[in-house]
Amino acid sequence: MAQEENRNPSKRQALEKILDGGLKLLSAEGLKPQTPCPDSWTFALYVQGQLDGDMRRSVNAHIALCSECYREYLALAEPQDVMKEVERELHSTTTAPPERSPDAWRRRIDRIKRFVIDLGKTYGTGVFGPVLVIAETSASKGKHSSLKLSKLLETSVGNNTYRIQLGVRRDGAFECEIDGHKIKDETCLRLAVRRDTGEALLLTETNVHGNTNFVLANEKVPQDMLVLDLHLDGHESQIAFRMPA
Amino acid sequence: MGTPAPADKPRLSDEDLFDLLPASEQEKYRPRVTDEEKATFRKAKEKFIRDQVKEILDELWNRHYPAQVQILHVKLCRICPPEEPDRDGFAAECTKKAYTAFLRRTFKQSYENFAGYLYTIFVSTAIDEYRRIHGRKPEGAQDGEPARPGSPLPVTIDEVPNVVSAGKGPLQELTEEQLRGIIEAILHDHAREHPISARTVRLRGTEGKTWPEIAETVFPADKFEKSLEARNGDVRRLFKQNRAEIVPKLEKYGITSEHTFHWKEAYSGARGKSKPE
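Protein chains in written order, with the working numbering: chain A, 1 to 245; chain B, 1 to 277.
Quick caveat, the hints were computed from the structure, so don't treat them as lab data. We treat Cβ as the ideally placed atom computed from N, Cα and C, and that holds for glycine. You may find that some hints are simply not true.
Short derived list, chain A residues pointing at chain B, Cβ under 8 Å [claimed, not checked]: (1) 16; (2) 22; (3) 24; (4) 47; (5) 49; (6) 52; (7) 53; (8) 61; (9) 76; (10) 81; (11) 84; (12) 116; (13) 233; (14) 237.
From the derived model, a few chain B residues whose C-beta atoms are all more than 12 Å from chain A [unchecked claim]: (15) 45; (16) 54; (17) 62; (18) 105; (19) 121; (20) 177; (21) 227; (22) 251.
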């Protein structure tokens with residue numbers, strides 16, 4: 001089995017090789033911008049962040065592929081603005097799970113709300129909807145822990161399996177710890193904590209080994225249903241839960 | 001136009017002055033009668049601005065320019081390209097040209113942020129000046145036919161064994177062309193929201209630059225007060241994370257992981273060894 005896996009690199013690695021090979025096939029000449037260089041007025045508005053929508057995206061695509069305009073962009077923009085753009089790009093790439101239409105979100109919620117995990121209740125170990133409940137603790141069993149209640153769950157997203165501890169701190173804050181349990185695709189898992197309306201309360205990601213943790217302060221955690229929205233390279237999974245009353 | 005006498009203008013608000021600006025070229029410029037005047041107008045419209053209009057424009061300029069002069073001077077000096085040793089001279093030239101651009105460009109409209117409008121005129125003038133000093137020929141469509149990836153062509157698994165067995169014949173060329181088109185399309189699309197990342201992917205993946213070369217191109221030392229190591233780290237991070245975002249998009253174009261071996265062999269010249277699984 002291990003040999004089989006060695007002979008067949010993961011799908012992701014295979015696609016990366018195709019991408020790398022394909023990029024090498026391209027020449028700088030072949031990757032020219034599809035639009036003319038922006039005129040100075042448009043460019044001036046762009047560097048001031050005053051272009052919206054398609055115009056901004058069009059100039060973005062242009063400066064990515066036009067060396068002269070990129071040099072001008074660097075000359076015009078303040079270094080801190082360039083770094084903000086870098087952070088934005090990294091953030092939008094890795095952290096934000098894709099947005100869905102309200103209808104699509106509603107349909108998904110309808111499917112998962114049969115399996116809302118009430119962190120104040122005891123379920124016993126076993127399968128519960130999209131997750132496997134591995135362990136449950138309560139205050140009486142963990143007097144020295146900062147957590148009043150917690151549940152250790154296991155779920156899969158794509159080829160990876162994660163162990164997720166959902167906990168309630170003694171001060172009422174919500175704490176979540178995610179560990180990559182079986183990681184076949186070394187990719188950051190993007191995740192959001194959402195209200196049942198789809199509104200994101202928190203966006204973050206794991207490292208490539210599937211590990212992260214975060215806390216939502218007591219005042220930020222609503223009593224109604226919450227959803228841990230997990231995304232990995234086109235695969236997704238949602239875990240619905242509720243803070244104890 | 002019912003323009004107030006010059007003495008009244010300082011008492012008018014900016015909004016009142018905007019209202020007094022001409023709405024059309026006809027209102028703004030004196031008529032040109034002779035051929036010589038017509039030729040001059042083509043080169044220097046501002047010389048034909050009606051006196052009353054010029055007074056309004058000057059009033060607006062004198063209200064807003066002095067408040068921004070220092071900021072603008074610093075900005076212009078920063079934009080000044082390294083080829084131009086006299087930064088103050090560059091700033092002075094830009095200011096002169098910005099004033100002319102202001103006279104030409106300003107018409108009647110509701111300016112929500114007139115100071116910002118003036119700032120944009122200065123920056124755009126500085127860009128023109130920067131381009132003039134560089135004597136640059138724009139890349140892209142102005143330079144000739146733009147490279148367009150065209151519609152994505154799905155690559156099916158069925159095609160691949162044929163391509164591989166045919167080696168570098170016409171079918172192989174076709175598939176390379178398809179892959180090239182697909183990756184161009186993906187990169188162009190990606191660049192619309194990730195300009196700096198796409199630039200990094202291009203420099204690394206297509207041009208084969210080293211990390212220090214990419215760091216110097218994307219985050220040049222004269223602009224960013226960071227060590228080369230830190231800038232290397234930034235471009236590596238951008239490349240890695242954005243490649244991770246681009247890879248799944250290949251599947252949308254019909255490329256699957258099963259193409260790997262065929263491609264690998266096609267590149268290494270070890271054709272004919274693989275068999276369809």
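Consistency of the hints with the structure:
1. 16: At about 6 Å, which falls below the 8 Å cut-off, the nearest Cβ of chain B leaves the hint on residue 16 (chain A) intact, so it holds.
2. 22: 4 Å, holds
3. 24: 7 Å, holds
4. 47: 7 Å, holds
5. 49: 11 Å, violated
6. 52: Since chain B brings no Cβ nearer than about 13 Å to residue 52 (chain A), farther than 8 Å, the hint is violated.
7. 53: 11 Å, violated
8. 61: 4 Å, holds
9. 76: At about 6 Å, which falls below the 8 Å cut-off, the nearest Cβ of chain B leaves the hint on residue 76 (chain A) intact, so it holds.
10. 81: 11 Å, violated
11. 84: This interface hint is violated because 11 Å lies over the 8 Å limit.
12. 116: 30 Å, violated
13. 233: Where the cut-off is 8 Å and the nearest Cβ of chain B is about 5 Å from residue 233 (chain A), the hint holds.
14. 237: 16 Å, violated
15. 45: Non-interface label stands for residue 45 (chain B): nearest chain A Cβ at 16 Å, farther than 12 Å.
16. 54: 22 Å, holds
17. 62: 22 Å, holds
18. 105: It is violated; residue 105 (chain B) is separated from chain A by about 9 Å at its closest Cβ, not greater than 12 Å.
19. 121: 8 Å, violated
20. 177: 9 Å, violated
21. 227: 14 Å, holds
22. 251: 7 Å, violated
Going through the hint list in order, the structure does not satisfy hints 5, 6, 7, 10, 11, 12, 14, 18, 19, 20, 22.
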